[in-house]
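Asks: Here are the chains, one letter per residue:
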Amino acid sequence: MAQLLVRRPTLLPDRLRARLRTGGPVQRAMLLTGALLTVLFVLTALLGPLLAPYGYAQLQDGGRLFGSQQHPSGAHPLGTTIAGYDVLSRTVWGARTALEIILAALLLSVVPGTVLGLASGYLGGRLDRLLVGLADALYAFPPLLLAIVMSIVISGGQSSLVGGLGAAACSVAVAFVPQYFRVVRAEVTRVKAEPFVDAARVIGTGTWRIMFRHVLRNSVRTLPLIFTINASEAILTLAGLGFLGFGIEPNSASEWGYDLNRSVADVTSGLWWTAIPPGLAIVLTVLGTTLLGESLTDLADPRLRRRGGTSTKATATATDGGADDD
Amino acid sequence: MSALTQDTPGAVATPADGAAGYGLARYLVVRFLLIIPTVFILVSLVFFLMRATGDPISAAFGDRLTPDQLQAKLHQAGYDRPLLTQYLDYLKSLATGDFGRTVTDNEPVTHVLGTYGAATVELACYALLVALAVGVPLGMVAATYRDRAPDAALRLFAVLTYATPVFFAGLLLKLVFAIQLGWLPASGRASTDVQLFLQNQTSTTGFYLVDAIRSGDGAAVADVLEHAVLPGVALGLLVAGILLRLVRTNLIGTLGADYVEAARSRGVAPFRLVTRHATRPALIPVVTVLGLQVAGLLGGAVLTETTFEWKGLGYELAHYLTVRDFPAVQGIVALFAVVVAVTNFLVDVVAALIDPRVRY
Amino acid sequence: MTDLLRIEDLHVTFDTDAGAAPAVKGVSLSVAPGEILALVGESGSGKTVTAKSVLGLLPATATAHGRVLLGDGTADPAEDVLAASPARLRALRGTHAAMVFQEPSTALNPVFTIGWQLTEGLRAHGHGGSKAERRTLAVEWLDKVGIPDPATRVNHYPHQLSGGQKQRAVIAMALALGTRLIVADEPTTALDVTVQAEILELLHRCRTDFGTAVLLITHNMGVVADLADRVAVMSEGEVVEQAPVRELFAAPAHPYTRELLAAVPVFGEQSRTPTSTTGDEQPVVRAAELVVDYPGRLGRKGFRAVEGVSFEIRPGEVLGLVGESGSGKTTIGRVVAGLTAATGGELTVFGEPLTARRRTRGRAGHIGYVFQDPAASFNPLLTIADSVAEPLTVHRRELGATAIRAEAEALLNSVHLPRSYADRYPHELSGGQRQRAALARALALRPPLIIADEPTSALDVSVQAKVLDLFTELQRELGFAALFISHDLAVVEQVADRVVVLHRGRIAASGSTAAVLGNPQDDYTRRLVASLPVADPVRQGRREHALDEGVAST
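Protein chains in written order, with the numbering used here: chain L, 1 to 326; chain Y, 1 to 360; chain F, 1 to 554.
Derived by calculation from the structure, the hints in this document are not laboratory data. Think of the CB as a built atom: it goes at the ideal place given N, C-alpha and C, for glycine as much as any other residue. Warning: the hint list may mix true and false statements.
[To be verified] Interface residues of chain Y toward chain F, partial, derived using beta-carbon atoms under 7 Å:
(1) D258
(2) R280
(3) R357
Kindly generate the complete structure, drawing on both the sequences and the hints.
Replies: Set out below in C-alpha cells:
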C-alpha cells in the first residue's frame, strides 16, 4: 500500500516542490508574492464583517449621517463617498463580493466549457465545426461587451432586480465559456492523436470509456493553471462591468468597479480617497492571482523554466543513461 | 483582455498551418471569406440575446408610457411582428449598411457610428503606437536578460499593467498629471475652442490630429496631442504589458531553437543572434496573437473613453446603455464585431507576409 | 602531423532538479587533419555532450573540467575552448571547428533565405568584403556541396528545399568558413536511407576534396563502417575503446563493444526459417487495390497516401512492410486495424469485408497493435497492469477483477517483465520495458493478428535486439500472424517471412524476404538495398561500388 502511494504519477505539487528548489529567486519571489496576496484577498473576503468598521450600505452610525465626501478621519480612516458611505468598509466588503462572483463565475464557465470542449474535440464532425465557429467568433469579441450583453439579457436591463450578484456572475461566466472550451478542445484533440488513445481504439474500448478514462483526465491537467489566470480576468471583467454601471447596486453589495465609477467626478475635483482604495484593491487582487497563475505556468512549462530548453534535453539524456536494465 | 491564456504560441492556428504548399492569394481569399461567418454569428447572437428579454421600446419607455401609447410605438417600429421576420429584416438592412435607428433620440445608428467611430479609431491608434513602442523593445530586453534583474523588473511591470484596470490607471494618471501637476488636460479630445475650430473646417475626417495638421494651425495640433497623451498611455500600457510578455515568451522559445544554436556555432555575436536570428521568427506568432488583442483593445477603449470623456463609440455605448437604448447598443456592438473580424483578417495577412512558409 | 582537436580528460556535469548528474567522465580524444573519427554510443552515453563541448555550446546548467584544445593543424592545438573568452570563442567557432546538426529542418532558420544564413557566418568572421562578394561565395559553396541550380537556391527559404538539400546547405555553411574540422552530430539520423547515402558520400568528399577532418557522432554502426577511419566507443560517459575501424569490427576488445556489435542486425547475413503455410488456408488479411486519401483542409488539395496496394497475410505468417517516410506503410497498418478508413479498394480481415461503418467494433479484440513510441502508447495516468488488463476489462468483464489482474501479471511474465513492475506507471519504465509491456497488452486477448508499427525504431540497438528476439519467440510460440512495419531493411529481414516494399504509396516489390531483399529486381528496392550502410567495413567497401551503379541508374 505504501508502495502504491509512493508510485503515484508525478502530480503538480511534487513537481512544484522539486522545481521550487532549483527555480530561480525570481520564480520564488513571484510565487510567494502571488500566494501571499491571494491568501490576503481570501482572508479579507472571509473575515470582511470583522474587519470592516461599518456595513457596506451603512449611511449613519448612532443616528448621525456619515456625510458626503468627508476627508479621512479617525471615524472614517479613508473618508466617505459622495453618497455618504464609508470608503474603508466598502473596500473591505468588496473583497467578499469579488470572491463570491469569481468562484460562481468560474464554476459556471469551467463546467460547460469542459464538457463542450471534450465532446467537440473527441467526437469531431459537424457538432465540432459548429461549436468551434461559435467559440472562435465569441473569443475574438471583447469579453466585456459580451458580459454587458449578457447582463442585459439576464436582468432585462433593470439591474439588480434578479439579484445583482447572480446576474453579474452569469454575465462574467458566459464571457469565459469560449475560453475554457478552446483550451479543453485543443488539449483533447492533442490527446486524441496520442498513440495510447489509438491503442484503446484498437482494443475496442467504447467511446465513453475512452473519453472519460483516457482522454478527459489527460486533457484537464492544465486547467488549474488556467483557472488561476482566468480568475484575474474575471475580476477585471466584473470591475469593468461595474464601472459602466452594470454591476451591483450599492445597497445590495459592495463592488469595487461601481465605486470607481462613482469616483470619476471626485478625481476631477481632486479628491483622491474615493478612487484609490477600491482601485488598489482590484490591482492587488489581480496581481496576486496573476503572479500565482503565472509562476505556476512557468514552473509547469519546461520551456519557460530558469534554464533553456537545450539543457532539459541534455539533462534528460544524461540522466536517462543506462536506465534500460533489460 | 485574455492576455495570459494567449501566451502559448500555437494556441492559435498560424497561417502556416492552413496555407503551406499553396498560393498566398488562395489563402487570403479563404481567410477573407472566413470574416463572413464570424460577423454573422456575432450579429445574430447579439440580436437574439438582446431580444430575448423583450423589445427595445418597452425597455426604454416601459415605465413612462401608457400601454396604448406603447402599443402604437411598437407597431410603428415593427416590433410586433414575428421575431424571425424582424431578424431577417435586420440582416437585410445590415447588408445594405442600415443599422436601424436609436430609440431615445431617433437618430440613424449609422450616423452615430460615423460621428464617433473616428474618435475611437484615433484613440486605438495612439494606444497601439504606445504599446508597440514600449512592448516590443522591452520584451526583447526581458528575454535577453532572462531571470536577471532587468527581466524581473520588466515582468513585474507587465503584470502590473495587466492587473491595473484601464479605468483605474486612467484615474490615477488624471489625478497626478492633470489635477495635481496640472501638466495635461484631464478629459476630452480637445479644448472647446479647438474643437469648434476643427469642426468648422471645410472638409473634416473626424480624426482630430489629421484635421489639425491639415488646418496648419500649430496650436491646434499641440492641443490635440496634449489631450491624447493620457488616454493613449492608459490604454496603450494595457496592451504594452501583454505585448511585452508575448515577445518575451516567444523570443525565449526561438533563442533556444536549434537554428539559433547553429548560428552561434558559426560565431555569430549574441546581440545579432537576438536582434536578427531570433526576433523575426518570434514575431510571427506575436503578430497573430496581437490580432486577438484588438478585442481587448476595444473593450479597453470603452472604459478609457468613459474615464476621459473621450467622445467616441465607447463613450456613446456607455451612454446608450444607461438609457437602455438597445438598437443603438446593438448597432455599436455589431460594428465592433465587424471591426474585430476585419482586423483579425488584416493581422493574419501581415503574419502571412512576414512568414516565408506562407508566402511561397 | 599534428592534431586539430585534442580533448584531455573532459568531465561534464549537469545541474538537474535531482542534483548533479555526470554526463561525461574523463574523456580523452584526438582528431588529426583529414581524419574521420566516429564517436559511437547509445543514448545517454555522453557522445553529444562531448561533441557540443568542442564548440563551447554546452548549456548553462553544465559544468565542464579538463581541456578541449583546438588548433589549425600547423602547430600543436593550443586554444582551450573551455577557458577561452567569449570573443575568442566566437572567433574559434566556425573557423576552427564547425557543427552539422541532426535535424537539418530545425537547424535552419525558417524565415531567412539559405543565402542569408550562409553569409551570416562569413559576415561574423569578416570573410568576403562586400555583401555582393559574400553572396557570390554563398553560391559557390552551395554548388560545391552539390545543390542544383545554386544561383536560384541561394534565394530560397529552407522549407523549399528537400531534407537532403537542407543538410547539404548546413554542410556548406560549415565548409564556407574554411573550417578544418566538422563536428557532425548524428548527421543522417533524421534522413531516409537513400538520402543518408548521399549525405555520407558528401561527408566523405569533404575529406577528399577539402581535406576536412570529421568528428562523427552516431549510434549507427553501419554509418561508422561506411565513413570512419577510427572509432571511439562511448558508454556511460566514458570512452571504453578506441581503434581503427577495421580492427574494431574485426576484433572488438571491450565487452561493451562486442555486445554492441552483436546486437546490430547485419543486413544480408540473417536467415529466418520461413513459417510454413499451406496455400489454401483463408488469409487473415487480404487487401486488394487499397486506396487511402487524406482530405485537404481549408480547400487544400487532398493527399493520396496509399494507391492500389494489394497483399495477403496468411495465418501464422509475418509480413514485413518496408518503406521510407511518406511511403504509406503506417497508413496501411492503421487501415487494417480500423483506425483509418480506406477510400477505395477491398480489405478483408478475418474473412469479413471492411465497411466504413463497422470499422473498429467488428474486429475489436482480434487485432493487437504495437506502436512506434512506447512512451506515448500508454495512458500516463494508468499503471502498467491496468493498461495491460484494459483489453480484458473491456471484452472479458465477466472474469472479474481478480482473474483479470492475475492474467495481466501472467502476460507481463510472458514478456519477461517482473511482477513488481505491474504497479508502476509508464514513465517509471525504460523504453525497452515499455515496449515489452506494449507487446503484452497486444497479446492480452490472444489475437490471431498483431500489427507492429516500427516497434523498435525508438530504441537503442541493444534494446532493439532483445525486443526483436522476444517478438520472434512469442510469434513462434503463439503462432499469430503479424504485419511488421519498419523502415529498417535489416530488422525486416530478421523477422519477416515475406516482404512488401512500398514507395510513395505504391508497391515496388513483394515476395519472400530472401528473394526481394537478397536479389532485388526493381530499381527502387535495388537502390534501397544499395544505400543501406552495412555494419562491416570490409563488405561496405564492396558495396560502395554497387551504390554508384544504383544511383547512376536512377
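Asks: Does the nearest C-beta of chain F fall within a distance shorter than 7 Å of the C-beta of R280(Y)?
Replies: 5 Å, holds
Asks: Report holds or violated for the interface hint on D258(Y), using the least CB-CB distance to chain F and a cut-off of 7 Å.
Replies: At 4 Å from the nearest chain F Cβ, D258(Y) passes the 7 Å test, so the hint holds.
Asks: A closest beta-carbon separation below 7 Å is what the hint needs, so does R357(Y) meet it against chain F?
Replies: With a closest approach of 5 Å, the R357(Y) hint holds.
No hint from the list above goes unmet by this structure.
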